[in-house]
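J.: Order-wise, the sequence lines are chains A and B.
Going left to right, the first sequence walks through residues 3 to 344 as our numbering numbers them.
Going left to right, the second sequence walks through residues 3 to 344 as our numbering numbers them.
Hints in this document: simulated from the structure, not taken from any laboratory.
Mixed in with the good hints, there may be bad ones.
To be verified - Keeping only pairs whose Cα atoms sit at most 20 Å apart, straight-line, the calculated SDA-like set for lysine to any residue is: (1) B/K335 / B/D129; (2) B/K257 / A/S289; (3) A/K14 / A/Q70; (4) B/K85 / A/H344; (5) B/K128 / A/K14; (6) B/K85 / A/K92; (7) A/K333 / A/N117; (8) B/K4 / A/S289; (9) A/K92 / B/Y115; (10) B/K85 / A/K76; (11) A/K92 / B/N287; (12) B/K85 / A/F118; (13) B/K4 / B/K128; (14) A/K76 / A/D7.
Chain by chain, the residues run as shown.
Protein chains: 2
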Amino acid sequence: MKIKDILFEIKKYDFYKPFHITNSISTSKDNIEITLITDTGITGKGEASSSFRVNGENVSALYNSRDQIIQLIKGMDVTNYRKIFNQIDKIGRTSPSLKAGVQFAVLDALSNYLNFPVYKLLGGEKDHVVTDKTISIGTLEETLEEAEDLSKKGFRYVKMKVGEDIKSDIERLTAVNEKFNFEGFIVDANMGYSVKEAITFSDAMYRESVPINVFEQPVHYSDFDGLKVIRYASRYPVGADETIKTKYDALRLIKDDCVDFINIKLMKSGVSDALSIIEISRTANVSLMIGCMSESAIGVNQSVQLAAGTGAFAYCDLDSHLLLKECGEYKFKTVGDKLYPH
Amino acid sequence: MKIKDILFEIKKYDFYKPFHITNSISTSKDNIEITLITDTGITGKGEASSSFRVNGENVSALYNSRDQIIQLIKGMDVTNYRKIFNQIDKIGRTSPSLKAGVQFAVLDALSNYLNFPVYKLLGGEKDHVVTDKTISIGTLEETLEEAEDLSKKGFRYVKMKVGEDIKSDIERLTAVNEKFNFEGFIVDANMGYSVKEAITFSDAMYRESVPINVFEQPVHYSDFDGLKVIRYASRYPVGADETIKTKYDALRLIKDDCVDFINIKLMKSGVSDALSIIEISRTANVSLMIGCMSESAIGVNQSVQLAAGTGAFAYCDLDSHLLLKECGEYKFKTVGDKLYPH
C-alpha cells in the first residue's frame, strides 16, 4: 500500500464570534485539508491547522511545501508507518502542523486498510473523552453570558483565557465561580503574565477557593525557570503549553522539574512527538492535557483518536470544532461535553 | 474479541553447552508458554522466560499465578490492548517475565485478528534485525574455539561475557580481537567489576584498540553513581542492563546522565515499559540495545517483532534460540546473523 500522491486543499472557516486570547483575536482560519492517496485506492485524511503565534507558521508557505513532502514519502508503504513518520519529522521544525496532518493521514490510511479505527490502533484505552469549552477574553458581562451558555449545555470544565489584565481576570474568574457550579477551570494566560503577576493571580484565586485544575503557561515560552518558580509558589498545578513543542522540550521540562502539567497539541508536535511526550510524561508522573489550535472536525478528530486511544489525558481541550462555523463532525461524535471516536 | 481463558505450559529447554556468566552457570531452562484464548476462537501466543538472578522470579510461583492473571483480564477486549496492558502492569514488580509474555500474547491475538504482523502494528520500521551471538565465560581455548565458530558463521558482532577475572577477561578479548575480524564487541560484565576494575579493564582494551561498541553493566545494579563515573572515565559507550528494569529506572538513569546505552529486555520490562523506555531514550539521545533471557523461539520472536517494528536498537542480542536445543523458530526466520519477522 504505497503512497502515490498527497493533495492539499485550503479550507476557510469563520468563527461564530471573535476568539480573543492574550495578544491575538481571530475571526476566521485557513486550514489545510490533506488527502493521502495510495496505489490501492485507499486514502487517508488529515488536517493542518497552522499557528503563526505559536509555531511561526504561514499557510501559503505550508501549502507550497506539498511538492517537497511528496518527494519525501512517495512510494513508501503505509504499513511501515514509523519510517514515514521519521521522514515527515524532518519538516517538524518549520511546519509542525503539516507534520501532524500528514502523519495522521498515514495512520488514517492504515486504519482504513485494516478497517480498524485509529484510536484502537493506538491502544483503545477509552471509548470517549470529555472536553472543556473555552471562554475567551472579554468583558465581565460577555464572560458571564458565555459561562451561562456552557453551564446550560452541561460542560463540567471551562477553560478561561486570561493574561491581558490581571484585575479583570481575577474579577471574571471569581464571578463565574460564584454564579455557576463548574467542576473545575483550566486557566490559560498564553504567556501574558510576569512571574510575580502569575503568583499574585494564583494567590487571589486560592483566597476565593476557585477550583483551578491547571494554570497554563503563565509566562513567556522561553522562561523555563519562571515556570518552575510559579510551579513551586502556586497552590495550583502549573502547566506548559507554548514552552513545549517537541519531545525534547518535554524532557527538558521534566529534567528541570518545571511543571505539573504538559499540554500536548498535535499541531505543535505531530503524532510522533506526541506519542513520545505521552510516554515521557507518564513515566515522570507529570500530568497531561491535550489542546488544539483552530482545527475543524477533521483536525479535532486526530486529537480525539489520540486521546481516546492512549487514555493519557487528565483534561481535553478539544473544542475548536464547536467554535467554527460549518465544520461539522468527522469520525467522532459530540454529545454534550463528550467526544466519541468511531 | 474478549479474553476467555489463558493457558500456561512449562517447557524445559536444554542448552547446547553450559552457559557461564558472572556468578551463574545454566544448563537448562524452564520457560512458560502462554496461550491467550478469546471468545472468537482467535488465540495469541507469548512466552515468559523468567530470571531469578535479575528479577528474583521463581518459575513455580509464576506458573501458579495463572488464576490471578485470568481474573485481572478475563472478559477484556483485545482491541483495547492498552487497558489490558495496564491491568497486567500490576504484576510487573513480582513477575516481569509473565507481564511480558501475557502482554505480547495480547498483541499477538490482535495481530492474528487483523491478519497484520505485530512488527507492523508497532511501526514496521525495519524488515529484519541483526543479532550478535554470545561467548560465555570460559578458558582462552574455549573462547577462541567459539569465536572461530561465530566467525565462520558470519556473525559481525560478538557479545563477550566478562566480570569474574579481569586478567583472563583482558587476555580473552585481546586474543579474539587479534585472531578474528569482528566488527565490534558488546562486552558484558553482569555486575562483576568494581568501579576501578571497570576503568582498568576499559583502559586495557583501549590500549589494544579492541572495538567495544557497548560496555555493559560493569558494576552492581544499584550503583547509579558508579555507572556514571565509569561512563565519563571510559572511552567506550557504557550501558545499563541489570540497573534498568522499569521505565522509571530509565528516567532516573537519564535524569542523572549515567549511561550511553540502555539494554531493554522484554523479560525485565514487559511490552508496555519497553515501549516507554524506547521513547524516553530516543528523546534523550541515549542509545538502545535489546537483549534476552533464555527465551525459546516463541520468546525471541517477541523481541524480534519489537525490534523490527520500532527500529530502535543499535544492537540486538537476540540469540537465546541459538543456544537452546529443540526450540526451533516461530514467526521469524534466522539467516546467518539476520532475523526476519513475518
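J.: If you draw a straight line from the CA of A/K92 to the CA of B/Y115, is it 20 Å or shorter?
T.: violated, 34 Å
J.: When you check the alpha-carbon spacing of B/K335 and B/D129, does it fall within 20 Å?
T.: Given pair B/K335, B/D129 holds - Cα atoms ~11 Å apart, limit 20 Å.
J.: Taking only the CA atoms, is the gap from A/K14 to A/Q70 under or equal to 20 Å?
T.: violated, 24 Å
J.: Against the 20 Å threshold, does the CA-CA distance of B/K4 and A/S289 hold or violate the hint?
T.: violated, 31 Å
J.: Take the C-alpha atoms of B/K85 and A/K92, compute the straight-line distance between them, and say whether it is at most 20 Å.
T.: violated, 33 Å
J.: Could you grab the alpha-carbon distance between A/K92 and B/N287 and see if it respects the 20 Å cut-off?
T.: holds, 17 Å
J.: For B/K128 and A/K14, compute the direct alpha-carbon distance and say whether it is at most 20 Å.
T.: violated, 40 Å
J.: Would the hint linking B/K4 and B/K128 be met if the CA-CA limit is 20 Å?
T.: Measuring from Cα to Cα gives roughly 31 Å; hence the hint is violated.
J.: Checking one constraint from the list: CA of B/K85 to CA of A/F118, max 20 Å. Satisfied?
T.: holds, 17 Å
J.: Is B/K85 within 20 Å of A/K76, Cα to Cα?
T.: violated, 35 Å
J.: Take a quick look at whether A/K333 and A/N117 sit within 20 Å of each other, Cα to Cα.
T.: holds, 13 Å
J.: Checking one constraint from the list: CA of B/K85 to CA of A/H344, max 20 Å. Satisfied?
T.: holds, 18 Å
In the structure shown, a violation is registered for the earlier hints numbered 3, 5, 6, 8, 9, 10 and 13, in ascending order.
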